[in-house]
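Heads up: the sequence lines are chains S and B, in that order.
Quick note: to get the working numbering, add 12 to the position in the first sequence (first position is 1).
Quick note: to get the working numbering, add 12 to the position in the second sequence (first position is 1).
Derived from the structure by calculation, the hints contain no laboratory data.
Be aware that a few hints might be false.
Derived lysine to any residue pairs resembling SDA-like cross-links, with alpha carbons at most 25 Å apart [unchecked claim]:
1. S/130 x B/116
2. S/41 x S/22
3. S/145 x S/160
4. B/130 x S/160
5. B/84 x S/112
Protein chains: 2
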Amino acid sequence: MISPAPSRLFTFHAGHTGDWRIKDLRPIKGSSLDIATHINVVDGADLEPFANIVWSLRGITSNERYVTTAEKLLLVDTQEGLGRQLSTCAALIPIRKTAAWWSLTQDERREIFEEQSKHIAIGLQYLPAIARKLHHCRDLGTDEPFDFITWFEFKASDESAFDSLLTRLRSSPEWDYVDREVDIRLQ
Amino acid sequence: MISPAPSRLFTFHAGHTGDWRIKDLRPIKGSSLDIATHINVVDGADLEPFANIVWSLRGITSNERYVTTAEKLLLVDTQEGLGRQLSTCAALIPIRKTAAWWSLTQDERREIFEEQSKHIAIGLQYLPAIARKLHHCRDLGTDEPFDFITWFEFKASDESAFDSLLTRLRSSPEWDYVDREVDIRLQ
Numbered sequence: 013m014i015s016p017a018p019s020r021l022f023t024f025h026a027g028h029t030g031d032w033r034i035k036d037l038r039p040i041k042g043s044s045l046d047i048a049t050h051i052n053v054v055d056g057a058d059l060e061p062f063a064n065i066v067w068s069l070r071g072i073t074s075n076e077r078y079v080t081t082a083e084k085l086l087l088v089d090t091q092e093g094l095g096r097q098l099s100t101c102a103a104l105i106p107i108r109k110t111a112a113w114w115s116l117t118q119d120e121r122r123e124i125f126e127e128q129s130k131h132i133a134i135g136l137q138y139l140p141a142i143a144r145k146l147h148h149c150r151d152l153g154t155d156e157p158f159d160f161i162t163w164f165e166f167k168a169s170d171e172s173a174f175d176s177l178l179t180r181l182r183s184s185p186e187w188d189y190v191d192r193e194v195d196i197r198l199q
Numbered sequence: 013m014i015s016p017a018p019s020r021l022f023t024f025h026a027g028h029t030g031d032w033r034i035k036d037l038r039p040i041k042g043s044s045l046d047i048a049t050h051i052n053v054v055d056g057a058d059l060e061p062f063a064n065i066v067w068s069l070r071g072i073t074s075n076e077r078y079v080t081t082a083e084k085l086l087l088v089d090t091q092e093g094l095g096r097q098l099s100t101c102a103a104l105i106p107i108r109k110t111a112a113w114w115s116l117t118q119d120e121r122r123e124i125f126e127e128q129s130k131h132i133a134i135g136l137q138y139l140p141a142i143a144r145k146l147h148h149c150r151d152l153g154t155d156e157p158f159d160f161i162t163w164f165e166f167k168a169s170d171e172s173a174f175d176s177l178l179t180r181l182r183s184s185p186e187w188d189y190v191d192r193e194v195d196i197r198l199q
């Protein structure tokens, strides 16, 4: 790889100052995260760029795990990136999946993820309104408190659509394998 | 997860003393690693437990990426673990795959990995003689020099079978996506 690769590692710092103000932080499953008022998103793994950090979570973007070629074409056609001017709302949702999930083979996980739970098909229905970026934590090391961190951005008027997206995913068979989830809303 | 999980992170230190003596270290593709005489395998990420380390590579065991349920049953039935008394030979083979590989979707990678290259089917033919353990590096961070580290153990009399296994894999379509590989033989 000759050209410098874009950063894949991101750190989410919660504290008392920052770019995104926390409107709401609530545990959906398992233990919560400590209360803070702001989130800063930082490229790389620098763990103490700000004073008074309450907690920090790290995640790394990576290759696709479940999306097929046909699904990827649909997604690429429909989705928009982060940073849209009208996207004044965001959500940070870290989740952890059970040991039972991780012991499944690829075909078993794909079957639950899409054939049973329609994870990709449901997400597609909310594009391009809800932009998302997935970060993986599980293989960063052995001490990570979550397996994934997803960052979402949308217009204030799309927050109820976002709630509906989450309700549908959380009632799917895939979510039987989620044992910790925290829902953090930002603006 | 109530019970303590077994360690998933391992560090491979090359130096001038250690449990495994390096018989041969040669670059197969891309740049080599510096010459050393011994390798120590350590649980966890401790980067300086020994004096005079020449280089260290880290990897983490993780969930299955390509194996199907049917293939897993065959593997579990046939394979044996590391640490067999008669396995006095080992090999440490770090590889890196190209950006083109990582931009493929799951179904495209599986198609190349197994339907075209028979990676699992070929490996099965050398079980239980050749025991193996795969470590992932790519999502440990952004500075890892390799994407995978595989550790193999076998009897001295099986080294020519091991060579044949490698020759077959290296001539497969999957290996067109390998841009760095170093082959380190140990005893």
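For which of the previously enumerated hints does the structure constitute a violation, in increasing order of number?
The structure conflicts with hint 4 only, although it agrees with all the remaining ones.
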